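Just need the whole structure built from these sequences, with the hints factored in.
Read off the chains here:
2 protein chains.
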Amino acid sequence: MSKILLVEDDENLGPSLKKYLEDEGFTLELVATLKLAKRDPKKFDMIILDWMLPDGQGLDFLRELRAQKINIPVIMLTARADLVDRILGLETGASDYMTKPFEPRELVARIRVQLRNVKSSHEFLESDHLDLGALHIDDLKREVYFEDHKIELTKMEYELLRLMAREPGRAFSREEILNKVWGMENYPSTRTVDTHVLQIRQKTKDDLIETLRGIGYRMKA
Amino acid sequence: MSKILLVEDDENLGPSLKKYLEDEGFTLELVATLKLAKRDPKKFDMIILDWMLPDGQGLDFLRELRAQKINIPVIMLTARADLVDRILGLETGASDYMTKPFEPRELVARIRVQLRNVKSSHEFLESDHLDLGALHIDDLKREVYFEDHKIELTKMEYELLRLMAREPGRAFSREEILNKVWGMENYPSTRTVDTHVLQIRQKTKDDLIETLRGIGYRMKA
DNA sequence: GGTAATTGTCAAAGTATTGTGAAAAAATTG
DNA sequence: CAATTTTTTCACAATACTTTGACAATTACC
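Sequence lines, in order, name chains A and B.
Note that my numbering numbers the first sequence so that position 198 is 198, with each residue one more than the last.
Note that my numbering numbers the second sequence so that position 140 is 1140, with each residue one more than the last.
In short, the hints are calculated from the structure, not lab data.
Any given hint might turn out to be false.
[Stated by the list, open to error] Below, simulated DSSO-like cross-link-like pairs (lysine-lysine); rule was C-alpha separation at most 30 Å, straight line:
| # | chain 1 | residue 1 | chain 2 | residue 2 |
| --- | --- | --- | --- | --- |
| 1 | A | K141 | B | K1150 |
| 2 | A | K3 | B | K1100 |
| 3 | B | K1180 | A | K19 |
Keep in mind it's a predicted model, so treat the numbers as computed, not measured.
Structure, rendered in structure tokens:
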């Protein structure tokens, strides 16, 4: 289930492309401005970036990404057949490009090439399991053990636990948790986080997660 | 430990990379020309190939290897702007690529992924059958037995079962299953996977395959 | 100690995902 | 090319999960 960030301000193209790609089985997040795009690009497996954006150049965004060593594949969409833009884009680190207008089918094919062949580097660098005292998270099996017995977590509980277990001792605000686990769209209320923390606490029968009143939560180190 | 052939003519990068990888526990052989590389590539477990070589194209070397049915993983090192080369390389059968400059750490991670893949498929190829509790897959005959009686599976069902049985306990997303069983061309909807899982479940009359809601499926270990 | 704000807890309502069978489409076979 | 088998899609049912909201418990602050 690959997550794609679509940066497109065209009010027709954006939503229709989103729908098309979702029908193809991808998870999409559509934003219209670079400001929104910059919030947390790391959590995506791929970025599709319109080159002609109102609040700045796509090129700068791409440059920033690469400067931060974020090597997610980026497919750029250029409106005209502007050779200079394409060359600049590729030199800056775009993985591929499409010139508008294009066939959605072709875009899908190119997306698959990128996703199949090049897993994002943070995925490679992350180990496939995580130990924290009595807690053991196996990412490959997607299983969680606590004190040697398996506990069943739902998807959200799992994501939440993993997010916090990766950085034990660090404080997370509810907003940060929502951003990183839920994403920018379907953004539930902050109380939802509480409910999931409760579930995890009940299932592990232990206070792995500490409450920081007025702040958020923290994983015991 | 794994033997790696490093084809790199850069007098700085070559030796330093060799040392770095040797410190990581790999056995390295560094050659600067394709002529040397071609001597006996078969004896290595992996090849790391610089794309920009003086005495010819890395692409040709790769093509030769694959023509001789030598399926050693090849990681190619390319410059950023060589989009065409990258795509050509992957289409010719490169396993992965790194764009220079890169983090040695990341290269190591990618090497491990490739070696792991080869190992599992190699192990599987060596033995012509596979046992998993009451399930027995005879890959030579292409027959499947469950609790000592034969069950008839169609091609897709067989491929799907074999993919998952090869790594019991591991979680597979529908996208990964589609990629590995169906490949890139004629890519059906993700629900197709569900249907085939259903068929297998009905034919084996057992929950060999667990559902991971929101994630995908997993073979019982 | 009293009060307001924050968090814990639970169950019901609302969503999303998956199971299932059958029909349509595609591929294979004779 | 017709018959058969397989694959894929679709619709709807079943199920599991998520979110909300109400109220209780706790904490912080005066």
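Verification of the hints:
1. Between A:K141 and B:K1150, the direct Cα distance comes to roughly 29 Å. Compliance with the 30 Å bound is thereby established for this hinted pair.
2. For the given pair, A:K3 sits about 26 Å from B:K1100 by alpha-carbon distance, which is consistent with the 30 Å threshold.
3. At most 30 Å may separate the alpha-carbon atoms for a hinted pair to count; B:K1180 and A:K19 meet this at roughly 25 Å.
Of the numbered hints stated above, none is contradicted by the structure.
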